Amino acid sequence: MISLYVGSTSGYSGKSLVSMGIGLKMKRDGFKVGYFKPVGILPIKVENILTDKDAWFIYRVFELKDHLAEVCPVVLTQELTFKSYLKDVKGLIRKIEKSFNQLSQDKDIMVVGGSGSIYSWGALGISGLKVIKRLNLKALIVVKYEGEFGVDYILQAKKDLGNNFIGVIFNKVTHEFRQSIDDYIVPFLKRKGIDVMGILPHDSLVGSITVEELNEMLSGKVLCCHDRLNNLIERFLIGAMQVDRASEYFKMTKNNAVIVGGDRADIQLSAIESGTECLVLTGELYPSELIISRAEQKNIPIIVVRDDTYTIAKKVEKLSTRLRLRDKTKVARGTELVINNVNFSLLYKKLGI
Amino acid sequence: MLDNFFNPQTIAVIGASRTSGKVGHDILKNLIQYGYQGAIYPINPEAPEILGLKAYPSILDVPGQIGLAVIAVPPKSVLEVVVQCGNKGIDSAVIITAGFKESGLEGTKLEDELVRKAKESGVRFIGPNCLGIIDSHSRINASFAKGMPEKGNIGFFSQSGALGIAVLDLALSEGIGLSKFVSMGNKADISDEEIMLALSEDDNTKVILGYIEGIRDGKKFVEIASQVSKKKPLIILKSGITSSGIKAASSHTGALAGREISFDAAFKQSGVIRAQTVGELFNYALAFANQPLPQGPNVAIITNSGGPGILAADACDKLGLQLVPLHKDIVDKLRSFLPPYASFYNPVDILGDATAERYEKALYTVVQDDKVNAILVLLTPTAVVDVEGTAKVIANISHIIDKPVLTSFMGKKSVEAGTKILMKYNVPNYSYPEHAVSSLNTMFKYNLWIKKHEEVYPTFNNAREKVRDTFECLNNEKREHLRESEVYEVLDAYGFLQPKSLLARTPEEAVAAAKGIGYPVVMKILSPHVIHKSDIGGVRMNINSKKEVENAFFDITTRVRHVVPNAHINGVMIQEMISGGKEVIIGITKDAQFGHMVMFGLGGIYVEVLKDVSFRIVPLSKDDAHEMIRETKVFPLLRGVRGEAEADIEAIENSLLILSQMALDFPQIIEAEINPLLVKKRGEGVVAIDARFIIGGD
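Listed in order, the protein sequences are those of chains A and B. Letter by letter, the first sequence follows residues 1 to 353 of our numbering. Letter by letter, the second sequence follows residues 1 to 698 of our numbering.
Each hint can be trusted.
Not the full set, but computed from the structure, chain B residues with beta-carbon under 10 Å of chain A:
(1) Glu508
(2) Asp535
(3) Phe554
(4) Ile556
Hint data in this document are derived by calculation from the structure and do not stem from the laboratory. Treat the numbers as computed from the prediction; the structure is a model and nothing was measured. Just so it is clear, CB atoms sit at the ideal spot from N, CA and C, and this is done for glycine as well.
Produce the complete structure using the sequences and hints provided.
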């Protein structure tokens with residue numbers, strides 16, 4: 001049995017996407033692939049079994065039959081957080097080890113998904129680093145490339161992981177940063193003995209969010225077009241300009257959502273006419289019937305939120321860094337990205353397959 | 001008060017001009033033309049004589065004293081002129097010149113300087129940037145408006161010069177007399193309040209009209225307007241700001257308040273009659289200026305056709321005026337001279353062939369009914385009706401009785417001769433019966449206002465000391481929100497009943513707490529990062545078992561961790577679930593102009609859509625609390641529908657008064673809201689289920 005830990009140096013770097021892509025490719029290549037998430041941070045109960053949302057999703061994508069409770073043995077609920085900080089909960093790492101051994105019994109390859117960075121939850125004695133060492137896993141580090149400073153973290157990870165470290169995958173690389181990676185980073189890492197196993201370009205579809213998710217994250221109220229909540233939003237625009245400029249601005253970007261003050265009927269109409277995916281009205285100001293009926297005609301959902309435009313913009317900014325893979329089209333595209341951009345022969349070689 | 005403005009012995013026009021069409025020329029001309037009796041001194045450094053009057057190079061060259069200076073020189077010279085006025089001992093000036101605050105930053109600086117200089121020099125002034133002033137009794141027309149209104153008893157002040165001109169023109173063409181007209185301009189020195197006071201003390205003014213766009217000091221306005229309105233009807237047209245602006249409202253109370261609402265509350269509490277349109281301003285003014293106030297809500301209608309009679313009756317019904325059934329003796333008397341197919345009941349239909357004599361007899365009979373407080377006479381111009389004759393008999397009767405008589409001679413051309421007679425003899429006539437009815441209604445409401453007993457302002461003195469430390473601690477920590485425990489403490493100090501609640505940090509603690517409190521319970525997230533608990537699914541109601549408590553604990557905390565990443569979670573509040581009763585919302589908000597206001601409205605999630613809320617400015621009187629509940633649509637629900645028990649309305653009133661006290665005790669409260677406030681059956685009180693406080697400033 002071979003195991004691959006997919007970790008990172010920071011949260012929200014795309015570990016789940018990479019785990020899923022690699023796992024599916026291995027399945028296609030005829031291996032019996034399992035999935036394990038030692039620490040879950042998105043608690044959910046499935047038929048009264050406590051697990052993690054992302055783990056549950058990948059469990060289904062991989063079509064696994066294992067006992068769900070073992071897939072993610074430690075889930076950080078409020079209860080566990082409270083108890084482990086204030087009362088010292090023991091035996092978490094043993095629990096992880098037990099579940100892993102259980103799951104890996106009948107698998108060729110175990111894909112192990114990290115949470116946060118490889119250092120996260122060290123305080124509770126269950127950091128990725130500790131799990132990797134304890135279970136002796138091969139570790140791949142996914143890095144969301146946002147500039148040269150990221151390299152230092154990679155070097156540190158290599159140092160800390162030692163022999164368990166097998167390489168790096170860069171994720172969400174914009175075309176502007178691609179040159180920097182090709183010209184400096186890859187050669188540099190090579191000199192330091194670090195293999196770059198793949199460079200995944202930024203993809204607006206993979207980075208998109210559904211209206212429903214958006215509404216949930218913004219604690220809004222949907223006013224119309226409840227059947228269009230799966231519209232995918234790739235970009236956000238703020239409607240704060242003169243109305244005569246608005247429609248050109250809205251038309252320049254595809255699949256956008258427009259954030260606008262609830263009392264700016266002129267901008268709202270302009271956004272509806274330009275065919276936005278969703279209107280986000282701020283300040284808890286409800287639009288007139290005219291706006292709602294026009295939106296209904298054009299099948300554009302309207303969300304009313306309490307916060308002001310600036311606060312919503314800030315939330316949306318944060319949102320794009322913590323998107324989850326939930327949607328089928330997104331999964332298909334994400335997997336394709338991984339398969340096309342990861343050097344599997346190198347990966348297999350490093351894993352000893 | 002402001003005597004030298006309206007009754008000066010002499011007037012100087014500084015900036016008087018020889019050139020027709022210039023403001024300095026037109027003002028001088030108006031003063032001469034409309035018969036001002038005192039001496040007029042044109043001031044112009046270059047002209048020896050203007051419009052036949054000897055001109056002086058400077059105000060300082062004028063021999064003898066000057067009562068009023070009218071200033072129409074370029075903006076830069078105004079300051080110097082004002083100083084000269086001071087030196088000359090002039091204490092009153094009207095500054096016509098524009099180019100001050102209304103023109104930008106430079107103008108604003110100039111205006112500030114003007115205010116300072118005028119104060120130093122002991123000169124009070126109206127304006128700048130105004131049209132001037134008119135007094136039809138002392139024959140002063142120190143304005144550049146065209147024409148001079150007839151003598152009358154309506155005093156009018158206006159922030160807008162343009163509207164002023166339009167109103168003057170309208171008054172002139174309709175033959176409506178004005179006592180005084182004041183164009184307020186930028187109101188840099190003399191304020192609306194001072195003019196209101198001056199008009200209230202003016203013997204020639206019976207009704208005060210005002211047009212305002214904004215006021216400077218809300219509290220002062222309410223104080224003065226209340227005084228004035230007790231003496232004379234004060235009718236104000238306030239142009240609104242309809243857009244509420246993009247405002248991040250952090251509570252329902254905040255979202256629902258707005259400048260319009262604060263003005264509305266201010267007007268109600270100070271007895272100001274609010275006109276929504278220029279038309280209403282005139283309609284009301286005519287009624288108040290010419291007729292006595294009705295002593296009750298009972299109206300009798302006399303008409304020569306059915307349709308308009310019904311329209312008027314509908315309008316009465318809508319506004320709360322009563323079409324009182326006439327006394328049997330009156331009906332019998334009517335029956336004795338009206339044709340048998342006439343209607344002898346209210347509305348009295350004296351038929352299309354009614355003559356002036358029949359109108360006279362009917363009117364004379366109806367006014368004798370003691371229960372009738374006001375009479376509305378309608379006339380449609382049928383072929384046989386004698387419009388002028390009818391107008392005369394109505395005018396005659398109106399003069400000898402002490403009840404208001406309003407008329408609606410409908411149509412225009414064929415009733416014109418009649419309406420002129422009515423106007424001449426002080427019987428207000430309206431083209432549409434609804435307008436007559438709404439004017440009558442306004443008079444009735446005003447009568448209630450002036451008859452109102454002295455307002456009672458209850459105080460609650462024992463709470464402030466108990467929670468002063470809490471609020472101070474908040475100031476020191478620069479926090480904006482009261483913590484849950486602090487909210488509990490504050491509400492408790494002010495005597496609000498609250499559900500029993502316990503904090504649980506783990507599911508085990510939650511189960512124990514629920515057991516201690518007793519099922520069913522409510523569970524709510526407790527986190528400093530979460531203000532609107534239910535927005536993010538942080539509230540669960542009606543939890544009935546251990547299992548449900550455990551699940552709810554998991555769900556609530558998970559949701560919050562998901563939606564507000566990194567939120568600190570104190571735990572989950574387990575609360576006694578109180579059922580039965582009706583949910584309302586009460587709150588405090590702070591208006592930039594009027595200060596704190598107390599809100600009342602329908603509770604629940606639809607509050608912001610239905611906007612069924614009422615506001616009053618702090619401090620609240622007992623009457624305010626009483627009225628604000630009754631003016632919402634929730635009121636009938638609270639009284640109980642279809643056999644429901646009546647809710648404890650008195651307890652709500654009391655709660656509103658307590659909030660008023662709270663706002664007085666702690667002016668640093670920006671917003672406070674108890675939502676929902678659960679109202680139990682009469683005599684059983686209210687329970688504050690949830691509340692939040694936002695603190696800042698002061």
